[in-house]
Amino acid sequence: MSNDSASSKQKVTSTDEFIKGLWRDNPVFVQVLGMCPVLAVSNTAINALAMGLATAFVLLMSNILVSLLRNFVPKQVRIASYILIIATFVTVTDYAIQAISVELHKSLGAFISLIVVNCLILSRAEAFASKNTVSKSIFDALGMGVGFTFALFCLGAVREILGNGSLFDIALFPEGFQSWIVMILPAGGFFTLAIWLLIINKIQTRKTKL
Amino acid sequence: MSEVANIKTQNPASSKKMLLAMVGIGIMSALLIVSTFELTLPRVQRLKAEALEKAIFEVLPGTVNMQAFGVNESSELFELNEGEKAETTVYAGYDDNKNIVGYAIEASGQGYADIIRILYGYKPDEEIILGFQVLESKETPGLGDKIEKEERFLNNFKALDVSLTDNKEIKNTVITVKQGEKQNPWEIDGITGATISSRAIGDIIGASSTTLVPILNNHYRKNNKN
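Chains as they are written, first to last, in the working numbering: chain A, 1 to 210; chain B, 1 to 226.
No lab work stands behind these hints, which were simulated from the structure alone. It should be emphasised that the depicted structure is a prediction, and the values quoted were computed from it without experimental measurement. Virtual Cβ for every residue (Gly too), placed ideally from N, Cα, C. A hint or two may mislead.
[Claimed, not checked] Under 10 Å between C-beta atoms, here's a sample of chain B residues computed to sit facing chain A:
hint, residue
1, 18
2, 19
3, 33
4, 43
5, 50
6, 115
Make the full structure from the sequences, and use the hints.
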């Protein structure tokens, strides 16, 4: 990769802010943040995608607002105000999803409100948006959001294929396939996450050795 | 610790600022939430009404018109105006000739995760339950939600026996049995892997049909001309 740490320190472009969330600092595979939705809602590919996109939207909006208000909010109340901002956008997202499709809301309903406590969003607000300009924060949020969605999809796809024998509700295996029910259960989330972390870490350590 | 001291020296006496920031963000949040709620409310209500209507047509094939009824203490039906809700709501479905096709009954009960709300169709002339839809559930995605998707399970509700005795009581209460052990027409074949959810459906329908089917059967015989 061209943007190794030395060069990126000198001049961080917007593209770098975007790319880092996808791979180098992927919120799930590298930072291991926001594990609650990662494990809970990644049992089918479509749930994982919808959850990822909802989280990305909240992340984007909260990053913009936190960055806009960064000189206005005193340090002592910053965490409280971040949570207020995040909770607001989660509620807005909840209403929006209800208005888009009752079906989708039915399958995600319980988990949408849990975005509030996703530490990924709070950590981006605290570690990035509160110290950087709005445009940089937007790219950071987009990168992290897409990276999060991608990681959730990686888990969701594996779990749905093994646990239900399908992908996006389309059956992949012939009739006789015995699905691994454990993959749909919470335990399957841990297994899948562990295997993905193993693979990603292997690739990343090999890269640093070279 | 040192950070706390640091903050204190950095901006002394900033209570006003803190208050201003929190109140300001609070007001902004409130405005945003309320306006989104107001904006989406009509559409959400329309979608929910549409979903209910679709569910009614689904559980009562052949319906063209419907009328909502509530059930009062003396076990009689009274008409509800549009948008009204009663404690127990049933919908009578009519065909082209204003004959009653059947009744769609709303019922709810405890599932695995939360209350499950369902709608099922009762066909009084054949004394069967002939359709079933989940209106609201928070059952585990991928497992408990099989009660909405698995065809083998849904096939249970093509002709579930709820015939009445001569005393106008239900002969056999609807019940869920283990997968593959269904023997009688009033039994629901359960789902392995969604045991509690599928049993909950049996319990909900069992309890609701025991009280409502005699009432509806009575209403049907009084109101249907043929």
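The hints, checked one at a time:
Restraint check, residue 18 of chain B versus chain A: the minimum CB separation of about 5 Å is within 10 Å; hint holds. Interface restraint check: residue 19 of chain B against chain A, minimum CB-CB distance 9 Å, threshold 10 Å, status holds. Residue-level restraint check for residue 33 of chain B holds (minimum Cβ-Cβ distance to chain A is 5 Å; threshold 10 Å). Residue-level restraint check for residue 43 of chain B holds (minimum Cβ-Cβ distance to chain A is 5 Å; threshold 10 Å).
Below 10 Å, beta-carbon pairs count as interface contacts, and residue 50 of chain B has one with chain A at about 8 Å; its hint therefore holds. The closest approach between the C-beta of residue 115 of chain B and any C-beta of chain A is roughly 12 Å, which is over the 10 Å cut-off, so the hint fails.
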